[in-house]
Every structure is written in structure tokens, then in C-alpha cells.
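J.: Can you build the whole structure from these sequences, using the hints too?
2 protein chains.
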Amino acid sequence: MTQTLHGTVVPSKPAVAKVSNGSRVDPIFRPNSVAVIGASNRVGTVGHDLFRNILFSGYTGTLYPVNPKAASIAGVHAYTNIGEIPDEIDLVLIMVPPIVVPQVLEDCGNKGVRGAVIVTAGFKEIGPEGAALEQQAIEVARRHGIALVGPNCLGVINTDADIMLNASFARRMPKHGNIAFLSQSGALCAGILDYARGRDVGFSKFISVGNKADVTEIDLLRYLANDDGTDVILMYLETLVDGRAFIELAREITGELAHRKPILAIKSGRTTQGAAAARSHTGALAGSDAVYDAIFAQAGILRVDTVEELFDFAVGFSRQPLPKGNRFAIVTNAGGPGIMATDAAIRHGLELAKLRPETLESLKAKLPPTANFSNPVDVIGDATCDRYTTALEAVLGDPNVDGLVVLLTPQSMTDIEAIARTIGEIAPTSKKPVLASFFGHVDVSAGVRILEQHNVPNYEFPENASRSLAAMCRYTQWLLRPRTKERHFEVDREAVTQIFAKARGEGRTFLPEAEALAVLKAYGFPLLQHALAKSEDEAAEWFQKIGAPVAMKIASPDVVHKLDVGGVLLNISTPEEARAGYNKITNGVKQKLPSARLFGVEIQAMAAKGVEVILGISKDPSFGHIIMFGLGGTYVEVLKDVSFRLVPIRELGAHNMIKSIRAAKVFDSFRGQPPADTEAIAECLERLSQLIVDFPEITELDINPLIVHAEGKGARVADVRIALAPDAHGP
Amino acid sequence: MTQTLHGTVVPSKPAVAKVSNGSRVDPIFRPNSVAVIGASNRVGTVGHDLFRNILFSGYTGTLYPVNPKAASIAGVHAYTNIGEIPDEIDLVLIMVPPIVVPQVLEDCGNKGVRGAVIVTAGFKEIGPEGAALEQQAIEVARRHGIALVGPNCLGVINTDADIMLNASFARRMPKHGNIAFLSQSGALCAGILDYARGRDVGFSKFISVGNKADVTEIDLLRYLANDDGTDVILMYLETLVDGRAFIELAREITGELAHRKPILAIKSGRTTQGAAAARSHTGALAGSDAVYDAIFAQAGILRVDTVEELFDFAVGFSRQPLPKGNRFAIVTNAGGPGIMATDAAIRHGLELAKLRPETLESLKAKLPPTANFSNPVDVIGDATCDRYTTALEAVLGDPNVDGLVVLLTPQSMTDIEAIARTIGEIAPTSKKPVLASFFGHVDVSAGVRILEQHNVPNYEFPENASRSLAAMCRYTQWLLRPRTKERHFEVDREAVTQIFAKARGEGRTFLPEAEALAVLKAYGFPLLQHALAKSEDEAAEWFQKIGAPVAMKIASPDVVHKLDVGGVLLNISTPEEARAGYNKITNGVKQKLPSARLFGVEIQAMAAKGVEVILGISKDPSFGHIIMFGLGGTYVEVLKDVSFRLVPIRELGAHNMIKSIRAAKVFDSFRGQPPADTEAIAECLERLSQLIVDFPEITELDINPLIVHAEGKGARVADVRIALAPDAHGP
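So the protein sequences, as listed, match chains A and B.
If you're matching positions, the first sequence starts at 24 in the numbering used here and goes up one per residue.
If you're matching positions, the second sequence starts at 24 in the numbering used here and goes up one per residue.
Hints were generated in silico from the structure; no laboratory data involved.
Treat the hints loosely; a few may be bogus.
Here are the simulated lysine-lysine pairs, DSSO-like style, with alpha carbons at most 27 Å apart [unchecked claim]: (1) B:Lys147 - A:Lys147; (2) B:Lys147 - A:Lys387; (3) B:Lys347 - A:Lys688; (4) B:Lys663 - A:Lys682; (5) B:Lys682 - A:Lys688.
T.: The structure is reproduced here in C-alpha cells:
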């Protein structure tokens, strides 16, 4: 028997057996009993606020304060330490100074605690000593099998009616809802909760992950995937612990589960810390931020830039059905906002629906002649409720319309509340998403409340409604995408193993072009005819065999950018030129780089004209290999018009990489030219992916350029660079 | 003596002599007497609402309803027609059916009315009959010297205490403030007024311009320029009547007047109606929207995309001083929002200020050790007011800081109102802009009100505060820009006159390359050595004179794209090749275009390597000549990385055109290459501007490419096309 919430006495065994979803973080969200270690009566402390938040938010389990100096906290009997508590404890909240945290965790472990949230700050985020303490805490938790959230976090909230746990120092319990929120910034949570309250947004679970010492976004996503009460998942991230695992799990949640859930994420801190040295094209182009773009694209996560977008989109997803396609309609009583909503919708990828003749007829029959009947449908400034009813029924009934944005500006004769009611009543009859923007603030507020009661999201501005509908449509497209697999090509893996072994044996990490080409050949890349000439005679001989025109390039493991040292000649068209070229190149390089080892000169057929593209890989310190695609030429580095994916990539992923550069139109039929062979590019990207998976010791690889010919005519590798990790130990 | 507002009797001459600013639209804003023609007692009509709005909003002049069927409107004696009114009338509001509007205006003219606002819709916007009626109305108004606003508008509002005129059918009188708003969408106004009320934004003048039959944005901007009560001008535009006049006037308002005023504009309807035929590079690249971008850039107007940005920026400008530079600081109690604000600020062109050592010392002395002292300054989640005071004083006192964003998230111990008060008190002592974002909604609301009372703008999201500070900084940069003039080069205008006369005389509108090059030569463009060969012998001769390598191009007034008909050969390096080339080109073109007139083959020196750019002009139906600049090559058409300006351009404008393409970095020192000669490009753009001003009959001109060499080495025109208007009549 123990003291509980309001001083009454209840049996010490759980009153209700909570349903577990079998996750190790289950005790965090659904504990039968909670101890607050560091609970306090001193106003203005976290221990004061957090204990009272649990106590006064209606927690359905049993709550114990631990404080060696107080007899009671907020009227509840306090214990000197956790060992003293006569009950079993599922979850502890820890807000004692960092230095004692490892010992407190040890006590918790001995007590059989299964979950802990360390709210206290002063760990990894403050420097090496903090990091050492954090490491100690992790070890203790792991040894005892405690799932550990934090340290340095705001806490955890579960609004399920049978739990009602506000184990946080946020100001209040949020409304119950179907949105889960996971944040790497604790302080942000406080603002989010207040903002959400103003916008009438409810949450299922709300969790501040802090330093992610043990429990990470992976554990939590897995938990939320199985949480029936969660339909939409929001995340604020500053880092990810494991990009590949994150992608796999998120793909499943967003696209494969029976109860699939959209994930929306803000990733802040757009720095370039992940960019590798500038000597690698790919490395210089990949910033950590571009990697996150790639991860989110591969995972089916909608990346957003601002908190406003996050919630704009979330309310759309959480309250309305998904559109079946991207054809939108607008009903408005104001021309200007109609244009603005149209501009925004089209900018974000929607298409203005073409209304059926029957729809236009029915609108013409019932609306005044000054109205605009074709989409956007303008019922005109003096419209009252009946015109909205007419327009909504006609437009939502039109099979050419996938989703609707309803706009209203409060003119003096506008019956705002009646219009809100008719929208609320008609919207659910259509199974199409209906988003509203009642533009204004004060006069429209009663109407906005009515819309919310009917689960029709309202947006302060027309553009936001359009953008949100577009986001829902992007998710539909993700669900409807063709599911492709990773392709496995027949390759000569052994040949590559031997080339790498030879290089490593000779202490080389950078492969000369002949070796690099041999690697690509073993993996089935389309190459130009080429050969290595070791003398001017051989240069002339190979010229004869390959046929004019040829390119000549220095072959040296020590020359990284051949052009910079005069190591390249193009358009060689006679044997004499080939002979002279051999000497010119080797002498030139000898002069500029006297220490470079020269293997000879590579003689290569000149590629037929085509679009030059670049394929590359770089290795991110946190996420491993990243594959890059972009246009070739000087401007690629200036315009940074490139796309990335984590390896391995699938067939669709390869095609999406090609489509997602800004200049992708160059591959279309253009000024009389036939379209380019993007199939061939995609296959090269997939072969590259397979090569990197097989040989992770490759740290840099640039195919620059790959020359792409017309559809059906393939592509050819014109140049390649490969570098290996110095400490590589083979595949 | 007449009946007035509340049934009392006052003298019929004006009680107060209003101060006129001498504009023809003055009677619209500051009338001594107003008649409402079509005033009504029927609820739900515009005549009902508008009359009562004037009556109940405290108008200080005399108000008369005109309605032939009513004895009184809202208790005020009604007149059968305007002629009956015993008083002089300055302004009439007209809301009678369109068909009678011209007669009503005629009556108004006879009565001596000086201003009219036609609220009624059903004119130009509904088709040809409406347009004819509108034309009639304009003629009547012009004949009588009536300044006419509308038709098809919401009305006009002036909040000056000595006028207090709400001559609109908006729901209520806005708060008085220093922001003027001008809208081409009447219905948008209603939403704006309601939104502004919620955000506590006041207006000086508020005007719905409708169809702009007579009074346009030009008249109104001129009026607002002289209006002491207006500090910031906002516009919602769908079209502009005269781009050049708009630029001249707006430049003066935004940069030159003693009481200069920022102008912020939304231009909606991003269509491509202004794009000319695709055969002209420049025409295909210029959409009307790009033209608006150019106009706004030249006028110093900040173009915004959404109503949210419009007001975000407006409250910054209207309540805070301008920053002196772009170095911003952040003070926050939450890391996550601090990062988000930093990301947004940098994305919009601000720079994170480097705090002085003294500032860091003073922060270290007074903040807890877990705080972050360097910018963004994080006073940590448990901060109360004293830490904010410390941080604000230190950071605002630092001369390295030009502007500040203060962030707050409402954590349980945050004393929101005290912090708002300290921000409000410290901000004005610094003469630097301070923008706040108290993140949340409900808990922060009292704090937000306190900030507003102290004229510190609050933004719902951290990103919005950063973006607004960045907008203020962009305006500072506009004010600080070097003032340059239009340069006038010495040119041979007569030579061009003759070339054009000859072409027109022969019925040609498209100039062959030799003529086009002669035009450029007369205007001092840097050309490659070239000559016209009329036989294979001449081709060989000219080859000898110019020297290898040369390019050969067909000379024909009928060949527009020479490459497409095999009309170009490059890298000709022997006299034999030149001879053979002559025949190959002429025979090839004859075969492909048998009807083309052939003048011979142009022999031109090959340009040394360099960056290829394109310069062009196109003629916009509304705005006249537009000059274009972009990168050369195939991708320019795909990437649309180009900039535009209306002619004439000044020296700074030319440089800004070059800087404002996305790939402008290609002109910098790059991979060991020296920087490109952008001075030479700028001069070519200015010469082009002079040419077009002198010869407006030029409808198309593409210099493609202009080859730009290293700094100091100039640029060379490699190819040019010129087309004239068919009906050109000379300069």
C-alpha cells in the first residue's frame, strides 16, 4: 500500500494492466508507476514543475516523488531514494545534477526500473566531461536493460485517456489528437505546444529526445508505427543516428504498413560539415544538408522548412482524406485570393482541374452571370451561403476534381458562419480533401471554429491552403509510385578484388585511369575503346587500331586533375599527332610534377557528341556511401544542380535522381534533338551502386563525364577517377 | 443649410478647410462633402453597407444619400438626384447599375464634382459591352475633370483624424497607422482589413483601385509620396499600366525623397502571356512575370510572394529603424528556434554578427556557464527576465551588430510578460532594429501585446522574424547603392539609320549578319575581325587576311537559325578548307531552303576561349523594350537562368543584371582561371540599351554568344541577330 496522487491509499500492484506494444520504449509511454527523482517544492525549478505536471494532468497510474530533503512534494509523501519505494517502478524521471546521474541510474537498475527519462542538461552538449558522464549513464542503462530517453530534454507526453501522462516541464497537457511529435530541441517543444493549442491541434504522443544517448528516433518511429492512436508523425531533427536504418524504417511506415502514416520533418542546421575535401567533385558538392534531402526523398518523408509548414501540412493529413490525383479546384468569393491560391498550387505541383461541361452548366444555371464558372470558381463578393452550397456541390461532384480549396474574404454581406457550416456539411460527402482559407482574423474567427468542429482545416492565407493540398498530393504520389527492386547485374567481382589488392599491395590509394577503367569494365559500364601506350610508338600503333579521332591522357597514379597539368589532348587525328602528343604530355607532366610516377599515356576513342553528365560517389562520415548525379561541365560546380541518394539505390531511385535535377529538361527532346538515353544513365547509377556495396573501401569515384547519346543509343564513360581508403582491407 | 450626419443642421460651406496636397486625387481622400449615389436601406446591398460605413465611422465632413425612391437613408434626408443637393459636392460614391453610370457621371460633372468612386461592377471585367460602358464613363469623367476611381472596387478609406472617411463596403474602419495599402483586388481588401485588425496593424490610406479606368497606381503613388501620414506603402497588383513611369516614380519614392518610403508589392498571376514567339531567344525567356521582377528590381520595390510576407515586412518597416548593415544577432532561450532563425536569416542574405571580445566577456560574467555566449546567444530554457536584460544590453551595445532577433519559447519558468517589457524598454535605446518571435499562441499572447505596445513587432515563427529583418536590410542596401547615371557613348547613329533605311527600302525586316554586325560596330561593340565573301575565291582571300582559324557562316536575310540548315563551319584552318567550306555552306543552304536569298558567306576570326553569355532584347506589349542577360549555351534555355531590365539601363543596373543570375559565380576566379571581364559585359549591355532607345523599331536582337575573356581582356561578339518592326518608320 502506498501514498498516491491525491493522498488516497491504493494497492501497490497496478490497477489497470496497460496494453504493451512490445517495444522496449513501451515503459516510457505506458508506465503503471512513475518516480520523479529530484521532485521539488521550490517554485521555478524543473523538479517542481514536472512533478506537478504529472500530478495535475490526470495520470492514471501511481506517482512517487524522490527527494532526500523533503517529507512530501505537492502534498505527496516523498522518498529518500528510489530503493525505498515499496511499489514496482516502470518509469523514472531524473532531474538531479549530472554528476550523480550514473549512480541514480544504478539504483534504478537495482530496483528493476525499465524506462528512464533524464531531463537534466550538462552532458555531451557541454563538452568532453559531459560526454564522459553521458557514456557512463549509457553503460549503466544498457547493463540493466533500461530504455533511456535524454539526457537534456523536456520530457514525454502521452494523451491516451487510459494513461494521461504529462511527464514534461511544458506548461500544460496538450489536447488529445492523432498527431505524434518528436523533437530534438526541448525548448522548441514548449513553443510548439502553445502554438498547437492556439491552432486547436491535438497530439497522441509528444516526446523530446534530447541528446539521444540511448533511445533514438529509430526506436521511437518503430513505436509510433505500431501506435494505433497516431495517424501522422512530425519530427524536428538536428541529426540522424543511422541514415540507412532510418530510410528502411520510414519507407515502411510511410508506404508499406496497413496503417501507413505520413511523416513530416524539419531538419535544421543547414551546414556543410559533411562535405568532403574539395578535390573530389562529388565530395565538394555533397553537403550534409544535401544528404538529408536524399534521405528524406528515399524514405518518403516530406521535408518542410518551417514550423508553419509542418503544422499546415499536419492538419491537412490528420483531418482530411488524401487526394487521388493532383487536379485541384478553387471556390472563392474574391478574385485576388483565387489567383494567389492558384499561383501557389501550380508552383507546388498541382494542376488546375478542367471542370466537366455538366458542372459548368449547373454552375451557370444557379450562379449570377457575373460569377466566374470555370475553375477557379468565383461566386463573387456579394455571395451568401446558397452560392457556396451550389458551387461546392457542383465542383466536388465533378470526377475531374481531386481536391478543393475553398476561399472566403469577409465582405460586409458575407454570412461567414453559415458558409462555414455548409462547407463542413458538404466536405465529408465527397471523400475528397477540402481545405479552407477564411482570410482575415477577427470577423472570420467564429467561422473558423465551425470549420474546425467539422474537421475542415482552415489556413490563415490562401497560399498555405494550396501548399498543404500539394503536400498531400505529393504523399499520394509516393504511395502510388511503382515499387522497384535493387537490380543485381552479373559482374566480374573477382577482377575488381584483384585490381584493388594489387594497388593496396603497392601502397597506392589512387587508381590510374587504366585500372579505374578496368574496374568499370568488370562491372559492365559502357566504355570507349581504349588502351595504354607506354611509348610514342605504342601511341601511334594504338591510334591506328582505335581509329581517328582519339583523346590522349596521362596515366599516372599521382595526377588527380589531368587537365591542370596539361595531361590531356583531344581530337588527335593522325599517327604523327599521336606520337608528338605522347611526348608533349609526358614531358609536360614531368616538368610540372617531377615526382609523379608515369605509367604512360591512355589512348581513347573520342565519344560521339551527347549530353555530358557526372556520376560520383562520396562517403559521408555518418551515413556511408552517397551516390551523386548531375550535369557535366564547368557549370555543375557553380550551379550545384545535382542530386544524391544513399546506396544502395533501386531502379526507381535511379530514375528519380535523374529527374530531380533542375536542368532535367536537357534530357527531353530539345530543339529538334531526340531525347537522351536516360535508361542508360539509370543503369550506370545502379551498377555504380552495386560496385560500392560490393567494395565499400572505395572512398571516391567520379565518372566525369558520362556522355549520353540519344534514346536507345546508350552512354559512354569518357573519364573516371577512383580512390580507395588507405586502410582498406578488402570487401 | 443642409441635413447631415446625425440629423443636426450645419452651414453648407465646409466646417474645416482641409489641406490639399495639390493632387487631382485629393478630393478622393479629403472631401469636404460626399454624396452616395445608390445609397439604400435594403440590408445586404452595397448601398446599404457603404452609406452606413461612412455615417458611422465618424466622417468629419457632410454626407448626402442619393436615392430617388427613399425619403431618407439611415435617418438622413435622401435626394432624388445629385443636382438637387443644395451643397457643393467634392466626392461621389456610385453604386447604381452600370448602364446608368455614364449619365450619373454627367450629372456629377454638371454639379462640379471633382472625385468619383464607382463601386459598381459589370464593366471591362465582363467583356466588350462592359468595356464600352467603361470607355463612356472615362470620357465623361475626363471632360468634366473628375478623378475617377474604379469601377468594380471596394472603395476608399482615410483614417486621418480630421477626415475619418470609410467610403467602402469593408466591415469596419481600420485602426489609424502609418501604412498605406493599395489593392487591385477589392475582395482581397476585406480579408486584409480583418487580418490587419487581428495583427494590430493600422493604415493611413486604404484604397481599392478596381479596373483603374482613370486613376491608376501612378496617380495614387504620387499622392502617397506626399502624404505625411504614410511611411510604408503596400500594393497588391495584377497589372501595371506603364512600367517605365512606374519605375521612375517608385525610384523617387523609395530612394530619393526626403521622406522616402519603402514600397512592398505582391504581383499575382504568374502567367507567360507576355512571352513572344519562341524563335527569339530573348522573347521565349521573358515571361511577363520576369518583366515584373525586372521592374520591381529597377524601382527599388521589395516584391513579396504572399500576404503573410507583405505584413511581416510592413510591421518591421513601420515600427523599427532600418539596420545599417546586414550583420544580425539572435538572443534566444531555445536552441532549436535559434538554429531555425539563423538558417532563415542566412538564406535571405544576412550575416551572423561576430560579437566583440568585450561583449563575450560581459555575457560570460553574467550568464550561467551552460549558456551559449557566441551569436546566437542562448540564455537557456530556464532563463528569466534578468538574463534577457543582460543579453539584450550586451548584444545591442556591440558595434558589430546591425540588428537583433529576440526569440522566446514559453517554458514553465519563463516570465513572458517581464521579458516582453524589458525588450520593449531596451530596444528603442539602441537605434537598431529589434524584431521578436515569441513562439506559441496562447501563453505568449499577453507578452505579444506588451511588445506591440512598445512598437516591437512580434512574429509567430522565428523564421519570419529573420526574413523580415533581411527584407529591411535589402532596403538599406537599396538606399546605400551607388547612384549611377545612364552612360551615353559616342556612336555613329547615322550609319545605323542608313542600314535600317536600306533594309526597309528592300522590304526586309531581318538583317543578314553583315548588316547586323555593322550596326553593332556603329555602336562601339567589340567585334571579331570579319568580312563577307561572295565567292570561293573571296573566301580564300579573306581567310588569308584574317588568319587561321576562322568561322564561316551563311549570309542570308532568310536564314534565322544558321546551325539548323548547316550554315556554319568552325575551325577552318587552311585556304583550301575555306574554299571548300564556301561551297559546302552555300550548296547545303540552297538545298534546304531553296527560296532563301544568299548574300555570300561571312568569314570571321574565331574568338579566343572565354565564358559565353547571351545579351538580347525583346519588346513587351505593355512595357516596351526589355533587355536580357544570361549564360550562353544550350542550357540557358533549359535553366532559364537569365535577368531582365527595362531600357534604358544605368551602369549599376547593368552590373546588377550580371550579378543576379544564379550562375554568376562563373565570372569569379574559378579553378585557377582569372575572373571574367564583367566590366566589358556591362558596357555591352549599356551600349545595347542606348541602341534600343535610339532605334525603337528594333523588335528583336540577340547577341549569342558574347565571348567574355579574363578581366581587362574584354569581350567579343561572336554572333548577332537583328529584326525590325515591319511597319517601322525610323527613329
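J.: For every hint, state whether the structure bears it out.
T.: Consistency of the hints with the structure:
1. Distance restraint check for Lys147 (chain B) and Lys147 (chain A): the Cα-Cα separation of roughly 68 Å exceeds the 27 Å cut-off, and the hinted pair is therefore not satisfied.
2. Our distance criterion of 27 Å between C-alpha atoms is met by Lys147 (chain B) and Lys387 (chain A), whose separation comes to about 20 Å.
3. Restraint check: the Cα-Cα separation between Lys347 (chain B) and Lys688 (chain A) comes to about 43 Å, which exceeds 27 Å; the hinted pair is violated.
4. Taking the CA atoms of Lys663 (chain B) and Lys682 (chain A), the gap is about 17 Å. The hint holds against a cut of 27 Å.
5. Pair hint Lys682 (chain B) plus Lys688 (chain A) holds up; C-alpha atoms about 25 Å apart against a cutoff of 27 Å.
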